[in-house]
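Next come the chains, spelled out residue by residue.
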Amino acid sequence: MKYTFPLAAVIALVLIAWIGSNIPGMQYLFGIVIPYLAIATFIIGFCYRVVQWAKSPVPFRIPTTCGQQYSPLPWIKQNKLEAPANTSQVVARMFLEVVLFRSLWRHTKAEIHDGPKLTYESSKWLWLFGLMFHYSFLVVVFRHMRLFLDPVPWFIQVIEFGDGILQIGSPGMYITDATIILGLVFLFGRRLITRNLRYLSLANDYFPLFLIFGIAVTGIMMRFYFRTDVDIVAIKRLAVGLATFQPVIQAEISSLFYIHLFLVSVLLAYFPYSKLMHMGGVFLSPTRNLANDSRMRRHINPWNPDIKPHSYASYEDEFREFMVENDIPVEKELPPKAE
Amino acid sequence: MAVVKVDKLAKSVVQGPSLMTGSYPTRDWMEMPVVFKPGNFAYPGKVDIVNYLNKQQGLHFPNARDWSPLDDDWKLPENWKEIVMNGLKERLDKFRSLKIFMDCCVRCGACADKCHFFLGTGDPKNMPVMRAELLRSIYRNDFTMAGKIFGKMAGARELTIDVIKEWFMYAYQCTECRRCSVFCPYGIDTAEVTIILRELLHLLGIGINWVQEPVANSNRTGNHMGLQPHTYKDNVSFLCDDIENLTGIHIDPPFNRKGAEILFITPSADVFAEPGIYTAMGYLLLFHHIGLDYTWSTYASEGGNFGLFTNNETMKKLNAKMYAEAKRLGVKYILGGECGHMWRVVHQYMDTMNGPADFLEVPKSPITGTVFDNATSTKMIHITEFTADLIKHNKLKIDKSRNDHVIATWHDSCNPARAMGLLDEPRYVLDNVVNNWYEMPENAIREQTFCCGSGTGLNTDEIMELRMRSGLPRANAVRYVTDKHGVNTLACVCAIDRATLTSLMDYWVPEVRVCGLSELVANSLVMEGEQRQELDDGLRTMI
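Protein chains in written order, with the numbering used here: chain E, 156 to 494; chain L, 143 to 685.
No wet-lab data here; the hints were simulated from the structure. Any given hint might turn out to be false.
[Stated by the list, open to error] Computed footprint of chain L on chain E, listed as stretches where at least three residues anywhere in the stretch have a Cβ under 8 angstroms from a Cβ of chain L: (1) 203–211; (2) 251–258; (3) 261–270; (4) 353–365; (5) 387–394.
[Stated by the list, open to error] Straight-line distance between alpha carbons at most 20 angstroms, and here's what the computed SDA-like set of lysine to any residue pairs gives: (6) Lys506(L) with Arg452(E); (7) Lys236(L) with Pro460(E); (8) Lys272(E) with Gly628(L); (9) Lys157(E) with Glu300(L); (10) Lys463(E) with Ser210(L); (11) Lys469(L) with Glu471(E); (12) Lys264(E) with Ala466(L); (13) Lys231(L) with Arg204(E); (14) Lys469(L) with Tyr467(E); (15) Lys463(E) with Ala466(L); (16) Lys210(E) with Gly229(L); (17) Lys294(L) with Pro229(E); (18) Lys400(L) with Asp472(E); (19) Lys236(L) with Val206(E); (20) Lys157(E) with Glu173(L); (21) Lys264(E) with Glu584(L); (22) Lys400(L) with Pro229(E); (23) Lys236(L) with Ala209(E); (24) Lys542(L) with Gly628(L); (25) Lys232(E) with Glu581(L); (26) Lys290(L) with Arg204(E); (27) Lys279(E) with Glu584(L); (28) Lys272(E) with Asp573(L); (29) Lys534(L) with Gln233(E); (30) Lys506(L) with Ala468(E); (31) Lys157(E) with Tyr166(L); (32) Lys487(E) with Gln370(L); (33) Lys272(E) with Tyr622(L); (34) Lys290(L) with Glu471(E); (35) Lys157(E) with Asn283(L); (36) Lys236(L) with Trp208(E); (37) Lys157(E) with Arg299(L); (38) Lys272(E) with Gly229(L); (39) Lys534(L) with Pro229(E); (40) Lys232(E) with Gln370(L).
As the structure is a computational prediction, the values presented were derived from the model and not from experiment. In this text, a Cβ means the ideal position worked out from N, Cα and C, and glycines have one as well.
All chains should be modelled from the sequences, with the hints used to inform the complete structure.
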């Protein structure tokens, strides 16, 4: 199956980090060298990809209009979000797309019944769990900033407080611990269960899911189950050290931590070479980020080829006789008939 | 080719083994070769047609030859792999859309069941994401690091002749309707992918005659039907005769007239074939009604642009006639008739490709004085925008009851809906000329509208079963309103629709016929000096 190899790969990564970090001296590799390499790969790779995209021009203005166009007829009401006519409307459209996954909100599930009869049922699950997963991930990333920053900025504390507001258990459970796992399980489950999805999914769709799942599970385990094994002070010191380019590993930190860190490193390094680049691409999609104003403002194609139409002159040359006979005006009269 | 009986196809789409009906393919899609058999492909372009196109300035249609999809050997040029790879590289450098769409898809599957071809065939490769994967897998293999290192694990595969065959199959089972791009969280537009696939195939001399011959005709005679100037004029004159018989109104429309205020361009099918001719009669009556200073052109006698279905160069070349003719005739602006993909080209490509139209003026209705500031640069407006404005200003004398034989529903044509946003103008017109009309369910109208199933040059008879399958979602929504409200007329603003939906309705919903919006407008017009017979079937009344 397409998910067995990615699953095996993630298990192998876990084992590598587990065994590796237990070899004396290798902590520097897993704690310092690899994270630095991963971050560098992420930043350079991400920028490289975006630059590569930007290098190709947008020759044509091809927004997908999902609503009424701007019209000079005052009673025809433009849908400013779905058929934006200027930049600020485009920004609003993009904002809702990026922040609220607006297109996924439209999702329907089609079925065919006897008749034949097609039905389209609104299906918001993908939207809901997709949003849940992405926002949980974002909050988790923000929460982790407290490890790298000393003192911890107020907004990180606010996010952390909000995330832990349910105050379940001790140490307190974060809402996003549960929601990110829930999101992942759903995103994985639908790839297994939905026929269409199962058929079209590739190994590289499963790999990031397993990888992030591994990261989340090791993170949660560190906090709730192996808390006593994990030296949080040493981790903070290492993280701050990494952030300030003076990394030190002072004490034994649990191998669970190294597994977690290694998986994160792999994710970072993998990011620019994978579909995860949708994070950057969503901003650059020409069907969404352009205004539907191509009849109002001329869009320039930098490589517009020099192509002329089949000329009127040659058209008339070919058909002049018929045209004259049928009283269609011509530019050049017929030559006088030879006697 | 005889088309399968409707009850048999009805059973097949519901029960036949397909991803839509619950079966699951036994093999991975990369291991599933395509099988061509009579009925599942459109005929290849004829050698002389392809050669003719290749000789035109700015066009490139190399490697013309006799070949058949049924043969094992497609007689590809020796260096076909190199041609495709170079072609792909060139296009990646030219189109950011292509790069983004190749890189960003997460295969969330939101598009999967949005495609009318998938809904009607259940063929997994007709899921838009899969159609794109057919190209994406090749792109990964040769243009991405992950693909080069991890190969199949990263969804990459080698370019083989079977891949080319697969491209031919599925690039011509997509009508570039853009419905999938509405649902995609990144707006990935399969039309862009299909356009590129077709461009690449043309480099290998692979195309279909139903597209290439109309292109050749449009280039030479000005219209895709290949009507020569006098025939074109004759056809319009016949329509005027019919109008006179029906209404007693004599119309003598001008052709190629210099100094007219407006150049009117519409798809040539409107002057040639039923039911489009009734739409053309509609234009003629409307322009006569308001005394418009306009002209037809025999040189720019095609609104539609079959170039869009081949490659961007051809699109540009055919489209260039519009501005060239407007300039030659010295008109102020251009008024465009009812056509779907024509309006994609006019709205999204024309100005970029063939502008600036600085020799034209910003369109202003000579009757109402309305300035169409949504066309300040392109200087071309849609007949529906024009008509809606006339109605609002009470410039048309309308008797709605003249359309009482009609119970209509509205088909939003793909391109005006999703590549322009022309949604409420036609509804306003409809409200004002027809007493009875009903909307189809919301998943089948406006931006979610379903394609007729035969756009982009697929309305050819040899693939009729495929067309009836891909048109099923549209037909199904019409069936719904027909059963519920007794709808008998499917109105639209697209010439291809008028042809293809007619076949589709005859097959799935035979009690419904298809018409253009301008036909309904003209049905309702009270003409000055008319000596009208009892027209209980509008312009279609047999006398």
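Hint-by-hint comparison with the structure:
1. 203–211: holds (count 6)
2. 251–258: holds (count 3)
3. 261–270: holds (count 9)
4. 353–365: holds (count 8)
5. 387–394: It is violated: at least three residues are needed, and the region 387–394 of chain E offers just 0 whose Cβ sits closer than 8 angstroms to chain L.
6. Lys506(L) with Arg452(E): Judged against 20 angstroms, a Cα distance of about 17 angstroms means the pair holds.
7. Lys236(L) with Pro460(E): Roughly 12 angstroms separates the two Cα atoms, so the pair holds.
8. Lys272(E) with Gly628(L): Holds, at roughly 18 angstroms.
9. Lys157(E) with Glu300(L): Holds: lysine 157(E) and glutamate 300(L) sit about 19 angstroms apart, inside 20 angstroms.
10. Lys463(E) with Ser210(L): Status violated; Cα separation ~33 angstroms.
11. Lys469(L) with Glu471(E): Holds, at roughly 16 angstroms.
12. Lys264(E) with Ala466(L): 47 angstroms, violated
13. Lys231(L) with Arg204(E): 16 angstroms, holds
14. Lys469(L) with Tyr467(E): 11 angstroms, holds
15. Lys463(E) with Ala466(L): Roughly 9 angstroms between the alpha carbons, so the hint for lysine 463(E) and alanine 466(L) holds.
16. Lys210(E) with Gly229(L): Since the Cα atoms of lysine 210(E) and glycine 229(L) sit roughly 17 angstroms apart, the hinted pair holds (cutoff 20 angstroms).
17. Lys294(L) with Pro229(E): 55 angstroms, violated
18. Lys400(L) with Asp472(E): 18 angstroms, holds
19. Lys236(L) with Val206(E): 14 angstroms, holds
20. Lys157(E) with Glu173(L): Measuring from Cα to Cα gives roughly 14 angstroms; hence the hint holds.
21. Lys264(E) with Glu584(L): Judged against 20 angstroms, a Cα distance of about 14 angstroms means the pair holds.
22. Lys400(L) with Pro229(E): At roughly 33 angstroms apart (the allowed maximum being 20 angstroms), proline 229(E) and lysine 400(L) break the hint.
23. Lys236(L) with Ala209(E): This hinted pair holds, its Cα atoms lying about 11 angstroms apart.
24. Lys542(L) with Gly628(L): 18 angstroms, holds
25. Lys232(E) with Glu581(L): 19 angstroms, holds
26. Lys290(L) with Arg204(E): Holds, at about 16 angstroms.
27. Lys279(E) with Glu584(L): Holds: lysine 279(E) and glutamate 584(L) sit about 16 angstroms apart, inside 20 angstroms.
28. Lys272(E) with Asp573(L): Cα-Cα ~29 angstroms, so violated.
29. Lys534(L) with Gln233(E): 17 angstroms, holds
30. Lys506(L) with Ala468(E): 30 angstroms, violated
31. Lys157(E) with Tyr166(L): Since the Cα atoms of lysine 157(E) and tyrosine 166(L) sit roughly 15 angstroms apart, the hinted pair holds (cutoff 20 angstroms).
32. Lys487(E) with Gln370(L): 18 angstroms, holds
33. Lys272(E) with Tyr622(L): Since the Cα atoms of lysine 272(E) and tyrosine 622(L) sit roughly 9 angstroms apart, the hinted pair holds (cutoff 20 angstroms).
34. Lys290(L) with Glu471(E): 55 angstroms, violated
35. Lys157(E) with Asn283(L): With Cα atoms ~18 angstroms apart, lysine 157(E) and asparagine 283(L) stay inside 20 angstroms; holds.
36. Lys236(L) with Trp208(E): 11 angstroms, holds
37. Lys157(E) with Arg299(L): 15 angstroms, holds
38. Lys272(E) with Gly229(L): With Cα atoms ~42 angstroms apart, lysine 272(E) and glycine 229(L) exceed 20 angstroms; violated.
39. Lys534(L) with Pro229(E): With a Cα-Cα distance of about 10 angstroms, the restraint between lysine 534(L) and proline 229(E) holds, given a limit of 20 angstroms.
40. Lys232(E) with Gln370(L): 42 angstroms, violated
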